[in-house]
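Residue numbers (my numbering), protein chains in the order written: chain A, 1 to 336; chain B, 1 to 257.
Some hints could be false.
[Said to hold, decoys possible] Which residues of chain B face chain A? A few of them, derived with a C-beta cut under 7 Å, are:
#: 1; residue: Q6
#: 2; residue: V10
#: 3; residue: T12
#: 4; residue: K14
#: 5; residue: S18
#: 6; residue: R101
#: 7; residue: K104
#: 8; residue: L107
#: 9; residue: L109
#: 10; residue: P110
#: 11; residue: E211
#: 12; residue: T238
#: 13; residue: S239
#: 14; residue: A253
#: 15; residue: Q255
[Said to hold, decoys possible] Distance windows between CB atoms, simulated:
#: 16; chain 1: B; residue 1: L165; chain 2: A; residue 2: R157; range: 40 to 48 Å
#: 17; chain 1: A; residue 1: Q43; chain 2: B; residue 2: R17; range: 33 to 41 Å
#: 18; chain 1: B; residue 1: Q150; chain 2: A; residue 2: R157; range: 52 to 60 Å
[To be verified] Where chain B lies over chain A, by a calculated footprint (3+ residues, C-beta under 8 Å):
#: 19; stretch: 76-90
#: 20; stretch: 133-146
#: 21; stretch: 267-278
Since the hints were made in silico from the structure, they are not lab data.
The beta carbon of each residue, even a glycine, is placed where N, CA and C say it ideally should be.
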Amino acid sequence: MPALARRSFVFHQWAPDPARPPLKRSLENKMRPTIETNNLVKQYGPVTAVTGLTLRVERGEIYAFLGLNGAGKTTTIRLLLGMVKPTSGDARILGHIIGPGAQDLWADVGYLVESADAYPELTVRENLEIMRRLRPGTRPEAVDAVIERLGLAAYARRRAGTLSSGNAQRLGVAKALMHEPQILILDEPAKGLDPAGIVEMRHLFLNLAREQGVTIFMSSHFLDEVSRMAQRIGIIHEGRLVQELAAAELDRVRRQRLLLRTRDQQATCALLQSAGYTAGMNGDGAIAISDRNAIERPDELATYLVNAGQPPTMLLTEQEDLEAYFLRLVGMEETK
Amino acid sequence: MNQLTQTIWVETLKARRSKMPLLTTLGFLVIPLVGGFFMIILKDPEFARRVGLISAKAQLMAGVADWPTFLNLLAQAIAIGGIILFGFIGSWVFGREYADRTVKDLLALPTSRWAIVLAKFVLIIAWSVVLTAVVYFVGLGVGAAVGLPQASAEVFWQGTLTIALSAALTIILVTPIAFFASAGHGYLPPLAATILAIFLAQVVAVAGWGEYFPWSIPALVSQGGRLPFVSYLIVLLTSAAGILGTFLWWRFADQTR
C-alpha cells in the first residue's frame with residue numbers, strides 16, 4: 001500500500017554536475033551577500049505590500065522570514081525571483097540586480113512560491129521531468145535522485161493531482177532542489193507536512209546549508225519551527241521589517257517573569273507592590289512579577305516573603321514563548 | 001533553439017496527458033459528420049421531408065448535394081467553429097497555468113519566458129492544424145461515403161485552398177485569446193472574449209462591415225468571397241498584436257499568481 005510505504009529522506013553528498021558551468025561572477029560579486037535587498041518597496045496601487053526592506057543573506061546561511069498572512073512575505077519572495085518589479089529599491093542575487101530578463105541567474109536558484117502546485121494529470125516523475133528540461137544542464141538522473149531524496153519513490157508514478165498535501169509539498173520542494181541550486185528561496189516549505197515530515201525537512205535544509213553551503217531564504221508563520229534551523233530571523237509586519245536578529249539572540253530578547261503563589265494572594269500582591277515590585281495577578285491567578293532583580297534573584301524574593309509571613313507555595317521563572325514573542329513584536333500580543 | 005525544443009516537448013507532454021486533444025477532436029468531428037448528414041438530406045428529398053425543420057435548414061445552408069457545396073460547408077464550419085474550438089485550445093494552453101497555479105514555476109528559470117510562450121503558440125497552431133486536417137480528411141471520407149457525385153480535381157483543389165485559408169486565418173486569430181488568458185489569469189476571460197468575438201463577428205457582418213472585423217473575415221473567406229487586401233492585413237495585425245501583447249505581458253507585467 002503506497003500510502004503506508006516507509007520512506008525517509010536520503011542524505012548524501014551530491015556530486016557537482018560537471019555538465020553545468022558555474023555562474024560567472026566577478027570578484028566584487030563574490031564579496032557581496034548571496035541575497036540582498038536595498039530599501040525595497042512594492043506597491044500595488046494604493047496598497048503597500050513591502051516598504052523599506054533592506055536585508056542581507058550570506059552564503060550558506062539559513063535566513064527565516066517571518067510574518068503573519070498578508071505581512072509581505074510572498075511579495076518579497078516574488079520580488080527576489082523577479083516575478084514582480086519593485087516600485088523602488090532593488091533586490092540582488094549574487095550581486096546581480098534581479099529582473100525578469102535575468103534568466104542566467106536562475107540556474108543557481110531553486111524556489112517554491114506560495115504553494116506547491118503541479119500539473120495534476122501528470123505523474124510526480126513527469127512533473128519533475130518537465131522541470132528538469134526547463135533547467136538546461138540538469139542531468140537525467142537528477143529526477144530519480146530527488147525522488148529518492150524527498151521520499152517520493154512510492155509515489156513516482158502517481159498523478160500529482162491525487163497526492164496528499166504533504167506529498168504535494170514534497171514534490172514542490174523536489175522541484176526546487178532537483179538541479180542542486182546554491183540558493184533556495186522557499187515560501188513556507190513545511191506547509192502541509194506532518195510533524196515527522198517537518199523534522200525531516202529541517203534536517204534536509206540543515207544538511208544542505210552545512211554540508212554544501214547552500215543559502216536558504218525561507219518564509220514561515222512559525223517562529224519556534226524556524227528558530228531550530230535558521231541562523232538569522234527577519235520579522236516582517238505590514239510590509240516592514242520590524243526586527244532582524246540572530247536565532248541565538250532569541251533567549252535574550254524574550255520577556256521573562258516570575259510567577260508565584262502564596263496562601264493569601266491579594267495580601268502578597270499588595271505587600272510586593274508596597275515593596276516597590278511591579279506585581280500583578282495574571283490570568284491563571286498567580287502573581288506575576290516582571291522586575292529584573294526578582295527574576296534574576298528569586299531566592300532573595302522568597303526569603304523576603306518568608307520573613308513577611310507570606311511564604312511562597314510556588315515560585316517559577318517563566319520565559320515568554322516564541323509564539324507570544326512573535327505576536328508581541330507584531331503588535332498582536334496575546335491577552336491572558 | 002535548444003530551449004525552444006525543450007519547451008515544445010514540455011508543452012506537448014502537458015497536452016498529451018490531458019483530455020483536451022480527445023475532446024477537441026470529438027468536438028471538431030461534428031463538422032464533417034453533420035456536413036455529411038446535410039448531404040444525405042439534400043440527396044434524398046423524401047427523407048428531407050420526413051425530418052422537417054432540419055431539412056429546411058440544410059437547404060438554407062447548402063443547396064445541392066455535391067462536392068463544391070460540401071467542401072464549402074466544411075470551410076464555413078471550420079471558420080466559425082474554429083473560432084470557438086481554437087479559442088478553447090488557446091484558453092486552455094495559457095489559462096491552465098493560472099487555473100492550476102503552475103505559472104509561477106515557469107517564471108524564474110534559466111529557460112526564457114519567450115521560449116515558454118513561443119512553445120505554447122507553436123503547440124496551439126500545431127494542434128489546430130492537426131484538427132483541421134482531421135476534419136478535412138474525415139470530411140473527404142464522409143463525402144465519399146454518402147456518395148457525392150464525382151467532381152474535378154479543380155473543385156477539390158479550390159475547396160482545399162478555401163478550407164486551408166479560412167482555417168489559417170481562424171487559427172492565427174487565437175493569439176489575442178492567449179493574451180486574455182494570460183492577463184485574465186485563467187479560462188474565463190479568454191472564453192468570454194471568444195464568445196464576444198463570435199457575437200460581434202455576426203453583428204458586424206450583418207451590418208456589412210465584416211471585411212474589416214478580424215473575426216468576421218475567415219467566415220467571409222470560407223464563403224468564397226473576394227476580400228480586399230486590407231482584410232488579410234487586419235487579421236495579420238490582430239494576430240501580431242495578440243502575440244506581442246502576450247509576450248510583453250509575460251515579460252513585463254507583475255506576475256502575482
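Evaluation of the provided hints:
1. Restraint check, Q6/B versus chain A: the minimum CB separation of about 4 Å is within 7 Å; hint holds.
2. The interface hint given for V10/B holds, since its Cβ lies 5 Å from the closest Cβ of chain A, which is under the 7 Å cut-off.
3. Taken as an interface hint, T12/B does not check out: its beta carbon lies about 11 Å from the nearest beta carbon of chain A, beyond 7 Å.
4. Hint status for K14/B relative to chain A: holds, with the closest Cβ pair at about 6 Å, below 7 Å.
5. Given hint, S18/B at the interface with chain A, holds; its Cβ is 6 Å from that chain's nearest Cβ, closer than 7 Å.
6. Given the 7 Å rule on beta carbons, the hint for R101/B holds: about 4 Å separates it from the nearest Cβ of chain A.
7. Using the Cβ-Cβ criterion of 7 Å, the hint placing K104/B at the interface with chain A is satisfied: the shortest such distance is roughly 5 Å.
8. At about 5 Å, the closest approach between the beta carbon of L107/B and any beta carbon in chain A falls short of 7 Å, and the interface hint on this residue holds.
9. With 7 Å as the threshold, the beta carbon of L109/B comes within range of chain A, its nearest partner Cβ sitting at about 5 Å, so the hint holds.
10. Nearest Cβ of chain A to the Cβ of P110/B: about 4 Å, under the 7 Å cut. The hint holds.
11. Contact between E211/B and chain A, as hinted, is not supported at the beta carbon level, the nearest pair being about 39 Å apart and thus beyond 7 Å.
12. Checking T238/B against chain A by beta carbon gives a least distance of about 26 Å; that is not within 7 Å, so the hint is violated.
13. Interface restraint check for S239/B: the shortest CB-CB distance to chain A comes to about 24 Å, outside 7 Å, so the restraint is violated.
14. Annotation: A253/B was flagged as interfacial toward chain A, and the flag is violated, the nearest CB pair being 9 Å apart, outside 7 Å.
15. Against a cut-off of 7 Å between C-beta atoms, the interface hint on Q255/B holds, since the closest Cβ of chain A lies about 4 Å away.
16. Distance hint check for L165/B and R157/A: the Cβ-Cβ separation is about 45 Å, which falls inside the suggested range of 40 to 48 Å.
17. The hinted range of 33 to 41 Å is satisfied by Q43/A and R17/B, whose Cβ atoms lie roughly 40 Å apart.
18. Range check, Q150/B to R157/A: about 54 Å between beta-carbon atoms, so the 52 to 60 Å window is met.
19. A count of 6 residues in the stretch 76-90 of chain A with a Cβ less than 8 Å from any Cβ of chain B is obtained; the coverage claim is therefore met, three being the minimum.
20. For the stretch 133-146 of chain A, the proposed coverage by chain B is satisfied: 5 residues have a C-beta within less than 8 Å of a C-beta in that chain, meeting the threshold of three.
21. Coverage of the stretch 267-278 of chain A by chain B is violated [criterion: at least 3 residues with CB-CB distance below 8 Å; count 0].
The structure does not agree with the numbered hints 3, 11, 12, 13, 14, 21 stated previously, though it agrees with the rest.
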